[in-house]
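*Asks:* Could you put the whole structure together from the sequences, leaning on the hints where they help?
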Amino acid sequence: MPLSLTFIDLKRAFDTVDTETVSEALGNQGVPTQYIRIFRELYSNFTTRISPFYDDITIDVRRGVRRGDTVSPKLFTATLEDVMRRLEWDNMGVRVDGRLLHHLRFADDI
Numbered sequence: 001m002p003l004s005l006t007f008i009d010l011k012r013a014f015d016t017v018d019t020e021t022v023s024e025a026l027g028n029q030g031v032p033t034q035y036i037r038i039f040r041e042l043y044s045n046f047t048t049r050i051s052p053f054y055d056d057i058t059i060d061v062r063r064g065v066r067r068g069d070t071v072s073p074k075l076f077t078a079t080l081e082d083v084m085r086r087l088e089w090d091n092m093g094v095r096v097d098g099r100l101l102h103h104l105r106f107a108d109d110i
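Note that the UniProt record's numbering gives residue 66 to position 66 of the sequence shown, counting from 1, and the numbers run on in steps of one.
One thing to keep in mind: the hints can contain errors.
[Said to hold, decoys possible] Across the chosen pairs, the derived CB separations fall in these ranges:
{"hint": "1", "residue 1": "7", "residue 2": "38", "range": "31 to 37 Å"}
{"hint": "2", "residue 1": "50", "residue 2": "29", "range": "30 to 36 Å"}
{"hint": "3", "residue 1": "86", "residue 2": "52", "range": "36 to 42 Å"}
{"hint": "4", "residue 1": "106", "residue 2": "49", "range": "34 to 40 Å"}
{"hint": "5", "residue 1": "60", "residue 2": "24", "range": "18 to 24 Å"}
{"hint": "6", "residue 1": "99", "residue 2": "56", "range": "57 to 63 Å"}
{"hint": "7", "residue 1": "74", "residue 2": "48", "range": "18 to 24 Å"}
{"hint": "8", "residue 1": "55", "residue 2": "24", "range": "35 to 41 Å"}
{"hint": "9", "residue 1": "108", "residue 2": "48", "range": "23 to 29 Å"}
{"hint": "10", "residue 1": "4", "residue 2": "56", "range": "48 to 54 Å"}
{"hint": "11", "residue 1": "42", "residue 2": "10", "range": "21 to 27 Å"}
Keep in mind the hints are simulated off the structure, nothing from the lab. Just so you know, even glycine gets a beta-carbon here, dropped at the ideal spot from N, CA and C.
*Replies:* Printed below as a string of structure tokens:
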């Protein structure tokens with residue numbers, strides 16, 4: 001019986017997710033539009049400022065969810081869930097007690 005295992009180690013994962021992709025994932029999972037609208041408002045005009053050599057520079061942030069925000073792990077997980085739902089799982093997997101098991105997921109440090 002062929003079996004495949006995949007381990008994915010995402011470095012700086014919260015910094016890599018596109019905010020529009022998060023919005024789409026939330027919509028695909030049935031999150032009410034008013035909450036998606038709030039998310040978009042929170043992340044629109046999102047900037048950060050750096051001060052090299054005492055000169056302020058403002059940078060537009062178009063990716064990532066905010067570190068330290070209690071909702072950020074949930075937003076990132078919702079995006080991963082959307083990816084997993086889009087994968088083709090038909091005719092894949094192994095039978096365990098008569099049921100087809102095609103994938104297991106585990107995430108830590110979220």
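*Asks:* Hint by hint, say whether it matches the structure.
*Replies:* Now the hints, each set against the structure:
1. For residue 7 and residue 38, the Cβ-Cβ distance of about 35 Å falls inside the hinted range of 31 to 37 Å, so the restraint holds.
2. For the hinted restraint 30 to 36 Å between residue 50 and residue 29, the CB-CB distance of approximately 35 Å keeps it satisfied.
3. For the hinted restraint 36 to 42 Å between residue 86 and residue 52, the CB-CB distance of approximately 41 Å keeps it satisfied.
4. Taking the beta carbon of each, residue 106 and residue 49 are about 37 Å apart, inside 34 to 40 Å as hinted.
5. Checked against the hint of 18 to 24 Å, the pair residue 60 and residue 24 passes, with Cβ atoms roughly 20 Å apart.
6. One distance hint, 57 to 63 Å for the beta-carbon pair residue 99 and residue 56, holds here, with the actual separation near 59 Å.
7. For residue 74 paired with residue 48, a C-beta distance near 22 Å keeps the hint of 18 to 24 Å intact.
8. One distance hint, 35 to 41 Å for the beta-carbon pair residue 55 and residue 24, holds here, with the actual separation near 37 Å.
9. In this structure the hint that residue 108 and residue 48 lie 23 to 29 Å apart at CB holds, the actual value being about 28 Å.
10. Between residue 4 and residue 56 the beta carbons are some 50 Å apart, a value that agrees with the proposed interval 48 to 54 Å.
11. Judged by the Cβ atoms, the range 21 to 27 Å given for residue 42 and residue 10 holds: they are separated by roughly 23 Å.
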